[in-house]
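Position chain B relative to chain A; hints supplied.
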Amino acid sequence: MNERRMLDDSHYENLIEEESVCINENLVYDKPETLTKTPMHYCPGCGHGVAHRLIAEVIDELGIQEKTIGVAPVGCAVFAYNYFNVDMSEAAHGRASAVATGIKRVLPDRYVFSYQGDGDLAAIGTGETIHTCNRGENILIIFINNGIYGMTGGQMAPTTLEGMKTTTTPFGRDVQAMGYPLKITELIAQLPGVYYCSRVAVNTPVHVRKAKKAIYNGFKFQELNKGVSFVEIVTNCPSNWKMTPVESNKWLEEHMLPFYPLGDLKLPGKEN
Amino acid sequence: MAKVKGDIIIDIEKCKGCELCAAACPQHSLELSRKLNSKGYHYIVKIEDNCTGCTNCALVCPDSVIRVFRKTEKKKEQVATITNVTGDITVKVKS
Chain A
476 MNERRMLDDS HYENLIEEES VCINENLVYD KPETLTKTPM HYCPGCGHGV AHRLIAEVID
536 ELGIQEKTIG VAPVGCAVFA YNYFNVDMSE AAHGRASAVA TGIKRVLPDR YVFSYQGDGD
596 LAAIGTGETI HTCNRGENIL IIFINNGIYG MTGGQMAPTT LEGMKTTTTP FGRDVQAMGY
656 PLKITELIAQ LPGVYYCSRV AVNTPVHVRK AKKAIYNGFK FQELNKGVSF VEIVTNCPSN
716 WKMTPVESNK WLEEHMLPFY PLGDLKLPGK EN
Chain B
18 MAKVKGDIII DIEKCKGCEL CAAACPQHSL ELSRKLNSKG YHYIVKIEDN CTGCTNCALV
78 CPDSVIRVFR KTEKKKEQVA TITNVTGDIT VKVKS
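Line by line, the protein sequences are chains A and B. First residue of the first sequence? That's 476 in this note's numbering, and the numbers climb one at a time after it. First residue of the second sequence? That's 18 in this note's numbering, and the numbers climb one at a time after it.
Watch out, some of these pointers could steer you wrong.
To be verified - Each pair of labels, with its calculated beta carbon distance range:
(1) B:45 - A:498: 24 to 32 Å
(2) A:538 - B:54: 33 to 41 Å
(3) B:44 - A:495: 14 to 22 Å
(4) B:52 - A:688: 37 to 45 Å
(5) A:681 - B:50: 44 to 52 Å
(6) A:494 - B:50: 24 to 32 Å
(7) A:719 - B:98: 13 to 21 Å
(8) A:511 - B:52: 46 to 54 Å
(9) B:45 - A:742: 33 to 41 Å
(10) B:108 - A:502: 52 to 60 Å
(11) B:108 - A:511: 56 to 64 Å
(12) B:101 - A:495: 41 to 49 Å
(13) A:502 - B:66: 27 to 35 Å
(14) A:651 - B:49: 40 to 48 Å
Said to hold, decoys possible - What the simulated footprint calls covered on chain A by chain B, stretch by stretch (three residues with Cβ under 8 Å from a Cβ of chain B suffice, anywhere in the stretch; the number is not a length):
(15) 496 to 509
(16) 676 to 684
(17) 715 to 728
Simulated from the structure, these hints should not be mistaken for laboratory data. For each residue, glycine too, the CB sits at the ideal point set by N, CA and C.
So here's chain A without its partners, still in its complex pose (with noise of 0.2 Å):
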């Protein structure tokens, strides 16, 4: 035992000391403290994930986490108030921006948002939803738009493109007999009580950091007193589009942002 004790010391003796990367001073990135620890239940590869580490590094990054009240929707969201460590708030279907409203109006300091999805947003709250830009409530609404109704099994949204297979669109989307696409984010910037209106994605590195940057604008802007800030974040879901999360991202780049483009459609001290 001790022979072979000695040569394991003589054999480790000659070999190079390499110092280890992984130490707090070399740490640039990590998960921001506002995400709690829950692992959360979205499926494997869905943008939900990245859109709630967005807000939560914007919160940290503004310092603001006590003062943030969050609503969370109805839909794959639902259990957003799990994984934010900011006061949340949880709305009908479709209502989330009403309830967001009567916050900001009874806390007028607090930096309030609401995070919904296409069916929440787009379908059933439409009325809701141009209400509250049309009278310019100082909060920030986060569009998720993954053109389908994810939590009850892929159906046909609002959001979902021509020719789109869902589960009750078997064929396609066929525009005759139900209708267009609705692009809610080109309608609400039409209004005169938004002050920002931008449009991200999270499917590639570069697209991730001009979504931080437009989340970061909404919560900004809402210090000014100026009206609605909307972001809408074009996501992928890999489940019910019947995809692996690499192609669905793939299948996101070359079919939605063509019909979505991404950029700013309103910027403050910028003619549109």
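This is chain B only, laid out in the frame that chain A set:
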């Protein structure tokens, strides 16, 4: 040029094996493991030691399981070159 060395720590219990990080990695140093974690997912592992700490994998990760570290090693600067020395000479070198 300064040498950049990076490394990542993956929380394999929270990883769902979506492979988005592997697709985003410019060095192709990530791959799915053959083993499963306690939830039954194949988790991601680093297979190459060529990480530069660019944070691309962590940016696209939906479950925030990746922590990124980066270290920049600066090359030691050359202070002086001495040629044709006949006698003894003392040179002070900046530490």
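Checked hints:
Taking 24 to 32 Å as the suggested C-beta distance range, the pair residue 45 of chain B and residue 498 of chain A conforms, at roughly 26 Å. At about 34 Å, the beta-carbon gap between residue 538 of chain A and residue 54 of chain B stays in the expected band of 33 to 41 Å. Taking the beta carbon of each, residue 44 of chain B and residue 495 of chain A are about 19 Å apart, inside 14 to 22 Å as hinted. The hinted window of 37 to 45 Å between residue 52 of chain B and residue 688 of chain A holds, with their beta carbons roughly 38 Å apart.
Distance hint check: the CB atoms of residue 681 of chain A and residue 50 of chain B are about 28 Å apart, inconsistent with the given range 44 to 52 Å. Residue 494 of chain A and residue 50 of chain B have their C-beta atoms about 26 Å apart, which keeps the hinted 24 to 32 Å range intact. Against the hinted window of 13 to 21 Å, the Cβ-Cβ separation of residue 719 of chain A and residue 98 of chain B comes to about 57 Å, which falls outside the hint. In this structure the hint that residue 511 of chain A and residue 52 of chain B lie 46 to 54 Å apart at CB is violated, the actual value being about 27 Å.
At about 37 Å, the CB distance of residue 45 of chain B to residue 742 of chain A agrees with the hint of 33 to 41 Å. In this structure the supplied range 52 to 60 Å is violated for residue 108 of chain B paired with residue 502 of chain A, their Cβ-Cβ distance being about 39 Å. With their beta carbons about 58 Å apart, residue 108 of chain B and residue 511 of chain A fall inside the hinted range of 56 to 64 Å. At roughly 45 Å, the beta carbons of residue 101 of chain B and residue 495 of chain A sit within the given window of 41 to 49 Å.
In this structure the hint that residue 502 of chain A and residue 66 of chain B lie 27 to 35 Å apart at CB is violated, the actual value being about 19 Å. Range check, residue 651 of chain A to residue 49 of chain B: about 44 Å between beta-carbon atoms, so the 40 to 48 Å window is met. Counting residues of the stretch 496 to 509 of chain A whose CB lies closer than 8 Å to any CB of chain B gives 10, which reaches the minimum of 3, so the coverage claim holds. With 6 residues bearing a CB less than 8 Å from a CB of chain B, the stretch 676 to 684 of chain A meets the requirement of three and the coverage assertion stands.
For the stretch 715 to 728 of chain A, the assignment as covered by chain B holds, since 4 residues bring a beta-carbon within under 8 Å of that chain's beta-carbons and 3 suffice.
In summary, the numbered hints that this structure violates are 5, 7, 8, 10, 13.
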